[in-house]
Amino acid sequence: MRHERTIREAVPRPLVDGFGRTANYLRLSVTDRCDLRCTYCMSENMTFQPRREILDLEELYRLSRIFMARGVRKIRITGGEPLVRKNIMALFAMLGAHLETGELDELTLTTNGTLLDRYAEALFAHGVRRVNVSLDTLDPGRYQAITRWGRIERVFAGLEAAQAAGLKVKINAVAMRGTFEEEVDDLICFAHGRDMDLTLIEEMPLGEGRHDRRESFLSLSKLRYTLSKRWTFQPLAVSSGGPARYVRVAETGGLLGFITPLSCDFCAACNRLRVSATGDLYTCMGNEGRIGLRDALRASEDDGPVDALISRAVAMKPEGHAFSITNTHVAGIARTMSVLGG
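For the sequence shown, the tail end lands on 343 under our numbering, and the numbers increase by one without skipping.
Just so you know, these hints were derived from the structure itself, not from any lab. Some hints here could point you the wrong way.
As the list claims (entries may be wrong) - Ranges between beta-carbon positions, derived for each pair:
| no. | residue 1 | residue 2 | range |
| --- | --- | --- | --- |
| 1 | A309 | V12 | 15 to 25 Å |
| 2 | E104 | Q145 | 34 to 44 Å |
| 3 | Q145 | E302 | 42 to 52 Å |
Stated by the list, open to error - Cross-link-like lysine-lysine pairs, in silico, DSS-like; alpha carbons within 25 Å at most:
| no. | residue 1 | residue 2 |
| --- | --- | --- |
| 4 | K75 | K87 |
| 5 | K230 | K169 |
| 6 | K171 | K223 |
| 7 | K75 | K223 |
| 8 | K171 | K75 |
For each residue, glycine too, the CB sits at the ideal point set by N, CA and C.
Construct the entire structure; sequences and hints are all you get.
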């Protein structure tokens, strides 16, 4: 099989960028498609990539093996919505085998939760132990408005199924000015009351959302200060390998995370790389730079050319992102999250 022809080294050569950061975490997008159309992410009538442009499961696996040979220890499967990808459990099965050999420390998933009740048991069987579920509100009407046609009952069923299967669940919520500020306490109670962590994420200027981000942007530095008047926060040094910074909420005992790319830059410790479903490698979410891996992957069974392209991309990784939202200006990226790998 093609994926058996990988670079084999006794000691992986680490992927170190020009600023001394080592990339050991890959966010791998398996599809640009999604069964929702969240207003801050996608337009309602999206144009998706032709199927022939999307890497097949064997190509995604082979690419993962190349990254593992360069020191990647954690892989997060993303989309779009990864669970809409046909036969996606086959990829989880192939990657999960590397957890057993010790070549991989963790295999995780980011999902909107709408199909999680169908796949939770299989995910656990393939070695997944944690999942991130995107959920910005508990109100069925507002959920439908944000996602344009989603049904929150499907997400609740997915959360229940995930925990029943033994998966640890973390809820991710995009913080936005307005109604969200009135609901955030309910989200904390909901998540922590069900033994789930909650991470709040600043809205990033990505994709083709049609609302005015200058009006919707909510600084998490300010929100954290506001929340600290109602909750007792105990700062923690724990990390899930990503950019979130956590506190323990004394009143609930649960973890609350903050991802603050705009109000408090997280680039200095970035250890992440992103590969799109079409095989484009992005070393920075907030930068236009990318290097295509698909053509080299398909041109030869020799992994050397792909490995060389990865080295080149990491060497050129920028020091930080270019995101900015002010009262008068928005500096962002036109690509949707489905292109960037979640």
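Structure-based check of all given hints:
| no. | hint | in the structure |
| --- | --- | --- |
| 1 | A309 / V12: 15 to 25 Å | 19 Å, holds |
| 2 | E104 / Q145: 34 to 44 Å | 42 Å, holds |
| 3 | Q145 / E302: 42 to 52 Å | 47 Å, holds |
| 4 | K75 / K87 | 23 Å, holds |
| 5 | K230 / K169 | 29 Å, violated |
| 6 | K171 / K223 | 23 Å, holds |
| 7 | K75 / K223 | 32 Å, violated |
| 8 | K171 / K75 | 17 Å, holds |
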